[in-house]
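A.B. asks: Take these sequences, add in the hints, and give me the full structure.
Numbered by the working numbering, the letters in the sequence shown go through residues 9 to 387 in order.
Derived by calculation from the structure, the hints in this document are not laboratory data. Ideal placement from N, C-alpha and C gives every residue a C-beta, glycine not left out. Be careful, since some hints might not be right.
[Stated by the list, open to error] Distance windows between CB atoms, simulated: (1) 288 <-> 220: 40 to 48 Å; (2) 220 <-> 275: 20 to 28 Å; (3) 145 <-> 35: 27 to 35 Å; (4) 365 <-> 168: 30 to 38 Å; (5) 119 <-> 381: 18 to 26 Å; (6) 60 <-> 278: 37 to 45 Å; (7) 122 <-> 203: 20 to 28 Å; (8) 365 <-> 124: 33 to 41 Å; (9) 145 <-> 206: 24 to 32 Å.
[Claimed, not checked] Lysine-lysine pairs mimicking BS3-like chemistry, simulated, CA-CA at most 30 Å apart: (10) 39 <-> 11; (11) 224 <-> 267; (12) 39 <-> 328.
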Amino acid sequence: MNKLIRFTGQALMLATVLYLALAHQWYGIEKAAPIDGFCPFGGVVSFLKLVSTGEFVQRIYWGSIILMVITVAMTMIFGRAFCGFICPLGTLQEWIRGIGRRMGFRKDRELPTNLDKHLRYVKYATLILIMYLTYTTGELIFRNYDPYVSLMHFGEEFEEKMFGYSILALVLAAALVYKNFWCRYLCPLGGFYAIISRLKMFGIKRDAGSCIDCGKCNKACPHGIEVQHAKVVDSVDCVSCMRCVESCPEDCLTASVGKNRIKSQSQLATIVLGLFILLIGVTIAMGWWKAAPASNLIMADGSIDVANIRGSNTLEYLIKTTGVPLEVFQKELGIPEGVDEHMKLKMIGEKYGLKNSEGEPLEVEDFRKVVAEHVSSED
9 MNKLIRFTGQ ALMLATVLYL ALAHQWYGIE KAAPIDGFCP FGGVVSFLKL VSTGEFVQRI
69 YWGSIILMVI TVAMTMIFGR AFCGFICPLG TLQEWIRGIG RRMGFRKDRE LPTNLDKHLR
129 YVKYATLILI MYLTYTTGEL IFRNYDPYVS LMHFGEEFEE KMFGYSILAL VLAAALVYKN
189 FWCRYLCPLG GFYAIISRLK MFGIKRDAGS CIDCGKCNKA CPHGIEVQHA KVVDSVDCVS
249 CMRCVESCPE DCLTASVGKN RIKSQSQLAT IVLGLFILLI GVTIAMGWWK AAPASNLIMA
309 DGSIDVANIR GSNTLEYLIK TTGVPLEVFQ KELGIPEGVD EHMKLKMIGE KYGLKNSEGE
369 PLEVEDFRKV VAEHVSSED
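C.D. replies: The structure is reproduced here in structure tokens:
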């Protein structure tokens with residue numbers, strides 16, 4: 009039952025984000041927000057810019073900020089439970105490790121102790137670098153390198169996200185033999201939650217008197233934490249999954265939140281998942297939840313945000329919102345008569361075999377240039 013509840017929750021979260029990602033691919037940005045709007049990391053990296061300038065980083069809106077606030081609050085109570093019970097990429101790695109065992113890779117690979125110790129700091133350096141670059145550029149600088157974003161694009165925009173897809177492939181390949189390699193060493197969001205988890209109320213204590221030193225707790229831990237000889241499991245790498253507690257044959261490990269004992273993994277999973285869904289539901293019911301602005305093209309002052317024209321925008325929406333007539337696009341970009349105006353901009357060049365003035369395949373940037381010239385000529 010313990011494993012079933014956690015598995016069901018993980019599957020539900022993974023299925024939800026996959027649906028949201030597919031909806032964006034199918035319907036475009038005008039009807040479905042990009043997947044960036046449903047990830048707390050967007051809130052983390054854009055928070056400084058929002059506080060200092062009152063502006064959001066592109067592709068980020070209140071939904072990401074709300075997710076950040078919810079997950080930070082939950083981390084302060086339950087530790088890194090988001091990583092242990094909710095994160096889709098963590099879930100995928102865990103399942104792939106299970107496939108690896110069935111393929112014959114039964115023994116978990118571990119890096120040399122000294123290398124493992126130092127590599128765990130990489131996620132913090134990555135977090136700091138991404139936050140700094142996002143703040144100074146006003147863009148999601150990590151986006152094209154993010155394996156999560158690449159996963160949720162299902163092979164789309166391969167050339168643009170080549171590094172992201174490469175990292176994703178390496179992460180998933182590593183997951184066949186390593187437990188949560190990305191989470192342990194590289195994930196910047198995990199690094200952020202690790203810092204916040206210093207304030208957590210959740211904890212695991214070990215009764216040395218009843219411990220038989222079987223080592224099952226160490227083997228069960230997905231993050232390679234030394235549980236077997238610890239009095240208190242207080243590592244920031246702990247994701248509160250309670251697999252160590254569940255594996256102990258002598259019940260010498262006790263989990264609690266403050267003075268309240270957590271009796272089982274299923275109990276914690278139910279609380280964490282239930283609270284997460286409830287809090288999001290409350291923000292939706294109160295009208296606070298917005299994963300994206302009403303239009304990605306119109307800024308607060310009513311002007312056109314040319315730089316934010318996306319490949320998932322349709323030609324029809326671009327014409328309607330910017331006021332640039334179809335005839336202008338036909339003249340400047342060679343778009344044929346009878347073009348399907350409901351088609352996404354990123355698909356038009358390939359569909360009709362169009363080239364820009366430099367002889368390169370027509371891209372979204374070419375539409376931006378036409379709109380920019382038209383807008384500037386009207387000023």
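A.B. asks: Does each hint fit the structure? Answer for all of them.
C.D. replies: Against the structure, the hints:
1. Roughly 43 Å separates the CB atoms of residue 288 and residue 220, a value that falls within the hinted 40 to 48 Å.
2. Evaluation of the 20 to 28 Å hint for residue 220 and residue 275 yields a pass: the beta carbon distance comes to about 25 Å.
3. Distance hint for residue 145 and residue 35: a CB-CB separation of about 29 Å, consistent with the stated range 27 to 35 Å.
4. The beta-carbon spacing between residue 365 and residue 168, approximately 21 Å, falls outside the hinted interval of 30 to 38 Å.
5. The given range of 18 to 26 Å is broken by residue 119 and residue 381, whose C-beta atoms sit roughly 54 Å from each other.
6. A hinted range of 37 to 45 Å holds for the C-beta pair residue 60 and residue 278, which are about 39 Å apart.
7. For the pair residue 122 and residue 203, the supplied restraint of 20 to 28 Å holds, since their beta-carbon distance comes to about 23 Å.
8. The hinted range of 33 to 41 Å is not satisfied by residue 365 and residue 124, whose Cβ atoms lie roughly 53 Å apart.
9. Restraint check, residue 145 to residue 206: a C-beta distance of roughly 29 Å satisfies the suggested window 24 to 32 Å.
10. At roughly 37 Å between alpha-carbon atoms, residue 39 and residue 11 are farther apart than 30 Å, so this suggested pair is violated.
11. Taking the CA atoms of residue 224 and residue 267, the gap is near 26 Å; set against the 30 Å cutoff, the hint holds.
12. For the given pair, residue 39 sits about 15 Å from residue 328 by alpha-carbon distance, which is consistent with the 30 Å threshold.
Consistency note: the structure conflicts with the earlier hints numbered 4, 5, 8 and 10.
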